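Peer 1: 303 is the number of the first residue of the sequence shown in the numbering used here; add one for each residue after it.
Keep in mind the hints are simulated off the structure, nothing from the lab. Note that the structure is a prediction, hence the values are computed from the model and not measured. Quick reminder that beta carbons are idealized off the backbone N, C-alpha and C, glycines included.
The calculated label-pair distances, taken between Cβ atoms and stated as ranges, are:
id: 1; residue 1: Asn-388; residue 2: Arg-559; range: 26 to 34 Å
id: 2; residue 1: Gly-471; residue 2: Asn-388; range: 47 to 55 Å
id: 3; residue 1: Arg-465; residue 2: Glu-699; range: 47 to 55 Å
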Amino acid sequence: IGLQAGDEGKGAIIDRLAPHYNIIARFQGGPNAGHTIVVGQKTIVLHLIPSGVFEKKCLNLIGNGVVIDPVLLMKELETLNEIIPNIRKRIMISLKARLITPAHILLDKMSEISRGAGKIGSTLRGIGPTYGDNVSRKALPISSLFEPDFKTKYETIKKDHFRILKSYGEIFLKNFSLKDFKKTETEWLMATQELKKLNLVNGEYFLNKNLNNNKTILAEGAQGSWLDVMYGTYPYVTSSNTIVAGVCTGLGVPPSRIGKVMGIVKAYTTRVGSGPFPTEQDNETGEKLRAIGHEYGATTGRPRRCGWLDLPALKYAIMINGVTSLAITKLDVLDNFKKIKICTKYKNIQNFSMDDFSNPELKPIYREFDGWQTLTGQIRNHKLLPQQAQEYLKFIEQELGVPIVLVSVGPERAQMLEI
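Working from the sequences, and respecting the hints, build out all of it.
Peer 2: As structure tokens, then:
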């Protein structure tokens, strides 16, 4: 589970943990996610497919809580097939997963444009409108592709979408091309036919049967706790439950089946798009973090906003997720800083929640640490980390009350240090 605003490095951690599991199951989100994995000399960005695909023994499930764009899914499979032949055999997709349609993407775009300066930072992939239709009980599950009246259902929902689109008036007229839409729609319909040929399963039965047979399953989240639709920085959130509770609804497994919960934390904090960010460093420090950390969105390419670690926000995320262990990523990005800060609390705030982020009077109180100013990328044993780096990690662990079990000092598998 990501404990910040996404981009914590979940993909790399899952890639590291995958050999210990039989199944990796993605439980929410859609192509708005971007999980970056370095394999040899190649950097792969996965948007829909679980991050266990590079472990040959792993099966991978796209759960019912995920929303799927068939066009992007087929392109992602095509790219992966060049690296891992017959990859489709190890990927299962829940029949209950909902379809993102071309009109959903248009709705997302028009909604964001209409907000003007108040944009929420959508990736414009149709995620929100698809989840919205699901709540309104009119989304199309993958299983509907096999129904004889699928085309009728699709045309009905498209008609409803265009009624909403036309209500945007001038914005819609300026940003819509019927020719482009028809081309996109044709491509989408072709992709749905290819989707029908994949390994489609009843995800809840698939997982629970494997659990009953003592198979190990790793649930993979997308985005992070800050972006949870209920417990995040609302309304600057995604449209799904990114916290551990989303595992149950997104995969169809009972809470009693959840064992360990690993929280992924970047050694500093980043955020893509709009929304409150009290520890943001909109200055040379932030620029330095962005440059060294290559902080640009894996899905959108947008520059990430950067700032110091936020302990109150992490404590809140740990509480609502029931985190049992931590993985700290990108510690090496801090190698060249003389001084490093951590927000330990907020002035006059007792029981912090993400709702407090919207308070313009919110004032972070920092503790300053000496930097280690030593390159850590070549270190392969956590005990050999510089003393200042060890003190930084120890402070985080003590303040959060959860053990740190992994620390990354670079993007490669060998740069993941066990503690």
